[in-house]
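S.K.: Spelled out, the chains give:
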Amino acid sequence: MKQEIIMAGFGGQGVMSIGRLLAYAGMKESKEVSWMPSYGPEMRGGTANCTVIVSDEKIPAPVSSHPDTAIVMNLPSQDKFAPKVKKDGHLLVNSSLIEKEVERDDINIIKIPANTIADELGNTRVANMVMLGAYIAAVDIVSLDTVKDSLTNVLPERRHNLIPMNEEALDRGYNLV
Amino acid sequence: MSEKKLMKGNEVVGEAAIRAGCRYFFGYPITPQNDIPAYMSRRLPEVDGVFLQAESEVAASNMVYGAAGAGARVLTSSSSPGISLKAEGISYIAGAELPAVIVNIMRSGPGLGGIQPSQADYFQATKGMAHGDFRLLVLAPSTVQELADLTYLAFDLADKYRNPVMVLGDGMLGQMMEPVEFKEMRDLDELPKKEWATDGAKGREKNVINSLGLVAENLEKHNLKLKAKYDQMREEEVRYDDYKMDDAELAIVAYGTTARIATSAIDRARKEGYKVGLIRPITLFPYPENRIAEAADQVDEFLAVEMSTGQMVEDVKLAVNGKKPVEFYGRTGGVVPSTDEIYDKIVAMRGDK
Amino acid sequence: MEKIAGYPESLDNQSTHYCPGCTHGIIHRLIAEVIDELEIREETIGIAPVGCAVLCYEYFDVDMHEASHGRAPAVATGVKRVHPDKTVFTYQGDGDLASIGTAEIVHAANRGENITTIFINNAIYGMTGGQMAPTTLEGQKTTTSPYGRNIKDSGNPIKMTEMLAVLDGPAYIARVSVHNPKEIRKAKKAIKKAFRMQLEGKGFALVEVLSTCPTNWGISPTDGLKWLEEMMLPQYPLDVFKDIEEVE
Chain A
1 MKQEIIMAGF GGQGVMSIGR LLAYAGMKES KEVSWMPSYG PEMRGGTANC
51 TVIVSDEKIP APVSSHPDTA IVMNLPSQDK FAPKVKKDGH LLVNSSLIEK
101 EVERDDINII KIPANTIADE LGNTRVANMV MLGAYIAAVD IVSLDTVKDS
151 LTNVLPERRH NLIPMNEEAL DRGYNLV
Chain B
1 MSEKKLMKGN EVVGEAAIRA GCRYFFGYPI TPQNDIPAYM SRRLPEVDGV
51 FLQAESEVAA SNMVYGAAGA GARVLTSSSS PGISLKAEGI SYIAGAELPA
101 VIVNIMRSGP GLGGIQPSQA DYFQATKGMA HGDFRLLVLA PSTVQELADL
151 TYLAFDLADK YRNPVMVLGD GMLGQMMEPV EFKEMRDLDE LPKKEWATDG
201 AKGREKNVIN SLGLVAENLE KHNLKLKAKY DQMREEEVRY DDYKMDDAEL
251 AIVAYGTTAR IATSAIDRAR KEGYKVGLIR PITLFPYPEN RIAEAADQVD
301 EFLAVEMSTG QMVEDVKLAV NGKKPVEFYG RTGGVVPSTD EIYDKIVAMR
351 GDK
Chain C
1 MEKIAGYPES LDNQSTHYCP GCTHGIIHRL IAEVIDELEI REETIGIAPV
51 GCAVLCYEYF DVDMHEASHG RAPAVATGVK RVHPDKTVFT YQGDGDLASI
101 GTAEIVHAAN RGENITTIFI NNAIYGMTGG QMAPTTLEGQ KTTTSPYGRN
151 IKDSGNPIKM TEMLAVLDGP AYIARVSVHN PKEIRKAKKA IKKAFRMQLE
201 GKGFALVEVL STCPTNWGIS PTDGLKWLEE MMLPQYPLDV FKDIEEVE
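Chains as they are written, first to last, in this note's numbering: chain A, 1 to 177; chain B, 1 to 353; chain C, 1 to 248.
These are calculated hints, taken from the structure and not from any lab test.
Note that the structure is predicted; figures quoted are calculated from it, not measured.
Note that beta-carbon positions come from the ideal geometry of N, C-alpha and C, so glycine has one too.
Possibly wrong hints are sitting among the right ones.
To be verified - Derived CB-CB ranges, DEER-like:
| no. | chain 1 | residue 1 | chain 2 | residue 2 | range |
| --- | --- | --- | --- | --- | --- |
| 1 | B | G111 | A | N175 | 49 to 55 angstroms |
| 2 | B | G128 | C | L167 | 34 to 40 angstroms |
| 3 | C | K141 | B | S41 | 48 to 54 angstroms |
| 4 | A | D140 | B | E301 | 40 to 46 angstroms |
| 5 | B | N218 | C | S15 | 16 to 22 angstroms |
| 6 | C | Q235 | A | G11 | 53 to 59 angstroms |
| 7 | A | R158 | C | G155 | 51 to 57 angstroms |
| 8 | A | T124 | B | K127 | 52 to 58 angstroms |
| 9 | A | H160 | B | K227 | 53 to 59 angstroms |
| 10 | A | N123 | B | P45 | 32 to 38 angstroms |
| 11 | B | A216 | C | L199 | 40 to 46 angstroms |
| 12 | C | Q131 | B | L224 | 30 to 36 angstroms |
Using the sequences and the hints, build the whole thing.
M.R.: Take a look at the structure:
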């Protein structure tokens, strides 16, 4: 099995972090993984995205023209990546911030009110984890437990006090799907 | 080997260098390689090493020149425009026969260019780094693991040949994360002894590190000695990787991250019945010209794929020597060729055959 | 019998390529005597410049590293960082230090790099055949200022030593001359201090030495010494511009 996922959003929405978390979890489960960020001016306030590939086999191209899944946290990201998702692939939409409908009926569109849920948990910044939780539920590529286990590896030490909240956010997203 | 870590290519360069016994880093900030100096500034003090942010790329390469002459394993890294500035020091290092490792995480050019991935410094790295009759040994990793392994190897090769070695990656390789396992930490006491180094003429004749040669006949002798080293590299250091070449009718030649994208295109083309394979040069100098010449007897045609308007393709043509057609596909300016584009090119070349 | 004069051990006993009346040889000897007196010949690495002193690696009998033009302080930094317990000095002319190598000398000084720089100022490019240097005096004729240095077009003679002295990094900055025996003795004292301060880990020390170039000035050796005294001293006054030991 091989999954190519693009995660995209505003800088600061934490798409790079959930990408790293997913890649780390894949590595923990002895899969081949790669994480490729966009870099440059978009890091400073514009849109950011990363491509994560998790596979049972060696990964050739670390970039993807037609991802199996796109996780979009804001409208510019949806506009950019929704058309690229592979037929029968998944599009996970942060419906808290995106109202616009995607005109495609050949992909599985999952709407998650990620910011609303994150706010309920007390911190808007875990919206990214809600989205990742939903993705893990939709696509069985790594286990939710492994993702949770990887939080300590991926989050900087000064944020380790937020691990319980991140776990809860992952659960909330997971249980939605 | 240690446990696997998920690390960014740039940071992997730093760790692999330290494992190889490098304790000195001189550099200057430039995107997209900034994680290398940042990593070294954090990590080198932990191993009693020295990190120094120089006033310029020119100064950094000359600090490398000094440290290499003093007998140390030393690293500098930069990205394309910065490498142009380092060229002066690199020429002196080559002339004075000093070991040093230079990492170029390429961005697009010419001039200030952009910061997105590129392979447009191929000519510079393999043929035209700076003034004078010299070569760098050039290593071109395609994965983060290979970046670690080749950076580690670069220090041994630099010492073996007393010659600067360049690790040539691109912005993608520097920025991406992949799992990596590092080789063991070198025991500094077991590194090659450097009797020629400037460390004080205690109980011996003085040592002189020098690239000046005012007597033409003597300098020619020196140049021929350098050439003999490059010839030895051609004999002993050629590295490449074949992928699905056994029955290939079309051979793609690509290096670095571009080779990985080409591999995806080959997988797709194979599913459609196209007999396509890949020759991936790992050393760009010495170039695997014999392997390509040999393939010219097997395949119908070649396709060089690069993130440039066509640089390595000239070496492919030299090796093929007119036996078979050589075509080129490239994207440049920071645009990365897609699997689709390379696939389409394969179909265009093989579709009616 | 006690030997009271002789050839310094740190200087190779050979004739140099320097022109008649050039004071490079005197300055070489002063440095070699200082190295001998401090007993650091086997612990010293010298960095040779590009310019007339390009071949000084032939003359000093210590480990030597020949740098590219202007980069001697950067090369010295690399050597010193690898061997912090050894003595490292650069020997640089005015084209090398005050023109092409300004960035390197300013930043080595500003870092307080624990090295010693001997800066030879003879107001001209010697090795390349008498071109205008950054230190060339106003009105001075050279092959690239045939009508005399014109301040409006070429700027003013640069006072590197004064410039460097305002930095916080350096420990000792002085200008000396070698146009008569008295000044030669003072020059040696300054050079010795600059080396001693490195040995004591006090940081960056630079001694500018005013030097002659009769060949490219187009005058006789004796007139060269006079020209230095009369023309250069007013522009480049002899003084200690910074000395952290004075403050202590």
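S.K.: For this structure, which hints from the list above don't hold up?
M.R.: Hints that this structure does not satisfy do not exist here, as all of them hold.
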